[in-house]
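J.: Kindly generate the complete structure, drawing on both the sequences and the hints.
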Amino acid sequence: MLLAMGDDPAVIYEPDMSLGNEPVLPDDNGVGDSPVPNPSRPSNKRKRNKNNESERVLNFQYEHWSHCYESDMDFPLYSLEKAEDSKPVDDETDVATESCVLQGSTSTSGMGIISLKYWRQRHSLFSKFNHGIQLDTESFYSVTPEAIAQHIAQRCTCGTIVDGFCGAGGNAIAFAQTCSMVIAIDIDPNRIAMARHNAKLYGVEDRIEFIIGDFFEVVPSLKADVVFISPPWGGPNYLKSESFNIETDIEGNGIRMFEIANKITSNIAYFLPRNVDVLQTVSLAGKGNCCEIETNYAGNAPKTITAYYGELISIEPTVPLS
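Using the numbering used here, read the sequence shown as starting at 1 and increasing by one per residue.
For the record, the hints were derived by calculation from the structure and aren't laboratory data.
It is possible that some hints are incorrect.
Below are the SDA-like pairs computed for lysine to any residue, each with C-alpha atoms no more than 20 Å apart in a straight line [to be verified]:
1. K223 to I264
2. K303 to R155
3. K128 to G203
4. K263 to P231
5. K303 to H123
6. K263 to L222
7. K263 to T160
8. K263 to G234
9. K303 to G203
10. K200 to I211
11. K303 to R274
12. K303 to G234
13. K240 to N275
14. K223 to P236
15. K303 to N130
16. K287 to I260
17. K303 to R120
18. K200 to N130
19. K128 to A147
20. K223 to K263
21. K263 to D214
22. K240 to E138
Restraint ranges, calculated between C-beta atoms of paired labels, are given here [to be verified]:
23. S221 to E311: 18 to 24 Å
24. G235 to G203: 28 to 34 Å
25. T178 to K200: 32 to 38 Å
26. I315 to L279: 15 to 21 Å
27. K128 to P220: 22 to 28 Å
28. G288 to P189: 38 to 44 Å
29. E311 to P220: 16 to 22 Å
30. Q154 to S266: 15 to 21 Å
31. G132 to G159: 28 to 34 Å
32. F216 to S243: 23 to 29 Å
33. K128 to S266: 30 to 36 Å
34. R207 to S127: 14 to 20 Å
For glycine and all other residues, C-beta sits at the position ideal for the given N, C-alpha and C.
T.: If you want it as structure tokens, here you go:
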């Protein structure tokens, strides 16, 4: 049964062609803020001619590097401080000096203004962006880049997959290209409408069941081979913290989300910030079980982390962690 809004979301952003079609480029450090050094990853730095934009685009690649850990904990590693005592997440979003105003009405989903930094990355989010992709403001910095979404989808190939927080549909569209059925959930009706529209542009809407609802209420009643969890991280300010806490920094408790998903399948992919607490992430697997931590790179900069559990793990444990 399909549960969804109509095809016309409250917020529709159309590209302002007067801005031009800038190439999708990393900033000075790749993508995002300063990269976190990773001595285990081989360097692939290239000399670039900054005056040759085409060359920069051709040299911009996504890569993925993994380590597999075995947990020695019987239960997830909860924060030592209570959630109510933890430092609240700053809701204010850093805005670049230059910003572009997108055509469209405002709603609770977004203000209609985004940083130029995120606008320039629009084609990395959806290769069909100019075909009429619909996004709200938050989606510009929360949608998984298409190349990373496609990589995760290949790793999660199965019969039925649940995308617990589908947003504007980036991951759901990729999953529909590798899985028989995708169950895409989001509590925001506008985002479900946008995701549905975007899926039509990619020709995969017939393989996605859209559900407007709360993750905690919907997921327990589902049957699936894999669950993909990519909850909101609290906006770009998550990078201001030295370490991202799954329990307290994710609204609704990210550990509880994992436990809900784990009740229907042990095959879970958890999409997390690059500064996530790795020990806490591995502890979710439970004692004697493994977790594969995959770092997704854009150019030479680490962008995100995907944690794989259950049968999604593709390598043997190689690194002790306690």
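J.: None of the hints should be skipped; say for each whether it holds.
T.: Now the hints, each set against the structure:
no.	hint	result
1	K223 to I264	holds, 6 Å
2	K303 to R155	holds, 18 Å
3	K128 to G203	holds, 11 Å
4	K263 to P231	holds, 18 Å
5	K303 to H123	holds, 16 Å
6	K263 to L222	holds, 10 Å
7	K263 to T160	holds, 16 Å
8	K263 to G234	violated, 26 Å
9	K303 to G203	violated, 28 Å
10	K200 to I211	holds, 16 Å
11	K303 to R274	holds, 6 Å
12	K303 to G234	holds, 16 Å
13	K240 to N275	holds, 9 Å
14	K223 to P236	violated, 33 Å
15	K303 to N130	violated, 24 Å
16	K287 to I260	holds, 18 Å
17	K303 to R120	holds, 16 Å
18	K200 to N130	holds, 14 Å
19	K128 to A147	holds, 13 Å
20	K223 to K263	holds, 10 Å
21	K263 to D214	holds, 16 Å
22	K240 to E138	holds, 18 Å
23	S221 to E311: 18 to 24 Å	holds, 23 Å
24	G235 to G203: 28 to 34 Å	holds, 32 Å
25	T178 to K200: 32 to 38 Å	violated, 18 Å
26	I315 to L279: 15 to 21 Å	holds, 19 Å
27	K128 to P220: 22 to 28 Å	violated, 34 Å
28	G288 to P189: 38 to 44 Å	holds, 42 Å
29	E311 to P220: 16 to 22 Å	holds, 21 Å
30	Q154 to S266: 15 to 21 Å	holds, 20 Å
31	G132 to G159: 28 to 34 Å	holds, 31 Å
32	F216 to S243: 23 to 29 Å	holds, 25 Å
33	K128 to S266: 30 to 36 Å	holds, 34 Å
34	R207 to S127: 14 to 20 Å	holds, 19 Å
In summary, the numbered hints that this structure violates are 8, 9, 14, 15, 25, 27.
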